[in-house]
Amino acid sequence: MRQPLALRLGRHALLITGAAVVIVPFLWMFTTSLQSRAETYTNTSVIPTSWNWQNYLTAWEAAPFGQYYLNSVVMAVGIVSSHLVFDAMAAYAFARLTFPFRNTIFVVLLAALMVPTFVTIIPAYTIVADLGWIDTYAALIVPRMADVFGIILLRQFFVSIPQELEDAARIDGCSRIGTFLRIIVPLSRPAFATLAIFSFLFAWNDFLWPLLVTNTDEVRTIQIGLSSFVGRYGTSWNYLMAGTLTATIPSILVFLFFQRALVRGITTSGLKD
Amino acid sequence: MTSVPTRIRPAQSASGGSAPTRRRRRGDRDQVITALMFLVPALAILGVFVVYPIINAGYTSLTSWNGFDPVKEFVGLDNYVRLAQDPAFWNSLLVTVVYATGVCVLSVATGLAVALLLDAPMRGRGFYRSIYFLPAVTSSVAAAIVWKYMLDPAGFVNALLAQVGIIGPDWLQERWLALGALTALTVWKNVGFNAVLYLTALQALPPAVYEAAQLDGANAWRRLRHMTIPLLAPMTFFVVVQALITSFQAFDLVYVLTEGGPRGGTDVLGMFMYRTAFRLGDFGYGTAIAFVTLLLVLGVTLVQWRASGSGRSDR
Chain H
1 MRQPLALRLG RHALLITGAA VVIVPFLWMF TTSLQSRAET YTNTSVIPTS
51 WNWQNYLTAW EAAPFGQYYL NSVVMAVGIV SSHLVFDAMA AYAFARLTFP
101 FRNTIFVVLL AALMVPTFVT IIPAYTIVAD LGWIDTYAAL IVPRMADVFG
151 IILLRQFFVS IPQELEDAAR IDGCSRIGTF LRIIVPLSRP AFATLAIFSF
201 LFAWNDFLWP LLVTNTDEVR TIQIGLSSFV GRYGTSWNYL MAGTLTATIP
251 SILVFLFFQR ALVRGITTSG LKD
Chain C
1 MTSVPTRIRP AQSASGGSAP TRRRRRGDRD QVITALMFLV PALAILGVFV
51 VYPIINAGYT SLTSWNGFDP VKEFVGLDNY VRLAQDPAFW NSLLVTVVYA
101 TGVCVLSVAT GLAVALLLDA PMRGRGFYRS IYFLPAVTSS VAAAIVWKYM
151 LDPAGFVNAL LAQVGIIGPD WLQERWLALG ALTALTVWKN VGFNAVLYLT
201 ALQALPPAVY EAAQLDGANA WRRLRHMTIP LLAPMTFFVV VQALITSFQA
251 FDLVYVLTEG GPRGGTDVLG MFMYRTAFRL GDFGYGTAIA FVTLLLVLGV
301 TLVQWRASGS GRSDR
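Residue numbers (the UniProt record's numbering), protein chains in the order written: chain H, 1 to 273; chain C, 1 to 315.
Derived by calculation from the structure, the hints in this document are not laboratory data.
Partial list, derived from the structure: chain C residues whose beta carbon lies under 7 Å from chain H:
#, residue
1, 38
2, 41
3, 49
4, 54
5, 117
6, 137
7, 142
8, 196
9, 200
10, 277
11, 294
Some residues of chain H that are not near chain C, with every Cβ distance over 12 Å (derived):
#, residue
12, 48
13, 53
14, 54
15, 136
16, 182
The beta-carbon is built from N, C-alpha and C at its ideal position, and this holds for glycine as well.
So that you can see chain H by itself, here it is in the shape it has in the complex:
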């Protein structure tokens, strides 16, 4: 049923007001990133009044953002690809295979998911330190190569694929690994896409763990670089905003391109970062 015009207009008015409040910090970040140093103290417009694009170059030269970026990319690629492989394998075992203690192991993993990172972070840090991995890519990637969230997400999806498809392939002589690779994996593309996006955003935006295990610019990720930039260039807001915007762009792009998968992931799993 169609609603009266006044109601529809009122609805849009409220939504636009809310959207404006939500979006202002982003506009402000963009505007400031283009201002001259003097302007940052006097101008409060969210519409750019000057266009100092060289601020981006200055910021990029003031800190090794290129290196930070590369490190974040390496970490994200490592984490996303291993999640897609290892989480999928484990999810398949939990969804389709019988083995001793299956439910017990699954429940232990579910319980571990509820434990705050703070509890595990000190011992995990100690293990990584004992392995001599501090300040290496290994410290950033290896401890996160599998995650419970991904296993649950994929398992839910695998369970919903009809058993008959797999049975038919088995009768035709396909091995279990074969059915996994040729039936389950191709049919689960949407679930893999969702997991990839979540894993990427998680890795790209992660802060506490990279903060602990990196000490030098050679392995520091973009988020850590950015937060140390605050201390060093805290008053040069224009450069700081240029750096912040640059660091945010990959997340925003991924979001804009893959929104649908992201929303699907939230509604099926209800998980917050």
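Given chain H's structure and the hints, the job is docking chain C onto it.
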């Protein structure tokens, strides 16, 4: 959790079953071997970096340890006794509880409001949803940096206030104002997320009930008050628990926005733990703080389980 198909029965019914039991046993063994192969990578990583650390943390919290000594000196419950007597801990707990309460109330209010506005079929719904969701995909560090700048005495917020003749305070230098700013930042970051959750719940509501209520003459406000809000109760509960858990674990936003200041005004449990362990090198005490946080989160989760078990009928 939905239940899993427990056994794959491939060939025996089709092939007539001359030796069904033997074949099945071999099938089982194959299956266990495949399962093991498939599980090893994930379980090894999760075991070493998640499950074992939980157990290890339980022990570490009972020791006095600076993070370097090879030997951890066992001190029993000393760390917990010390926590109970530590004013910094009580301050941190108070700050966290006030923060978590604010985040919960505002998360429900903003999430529900946006979802209700977006619920009807309308032009531009996808566009609005994208805008509201944008903060959720932005890193905490970037979000906190921008807010820190906007709340600077010379920043956007005070300049805006100056336009209407108000002299704005130094937001991040006043104890309760800083906590309010942190709360607002958290809610801003999660509004899209909560709206999406509420939107899913709204769209699952039975339209027939609404049509009946409308025929009976219930106006929009009464339908919202007496039908929608009660029917959404399970989702509200979920949103509240999620908000509680994330606020009890807050760290990134605080670290960048205020570093726990001014004078402990935003010193949430996560910040307190980080400082104790990684800045002061008091790992035993730091782990005890983490464990108390765990107990609080666990308490909240258990309450959620019990409540959602009884309130699930309409999902």
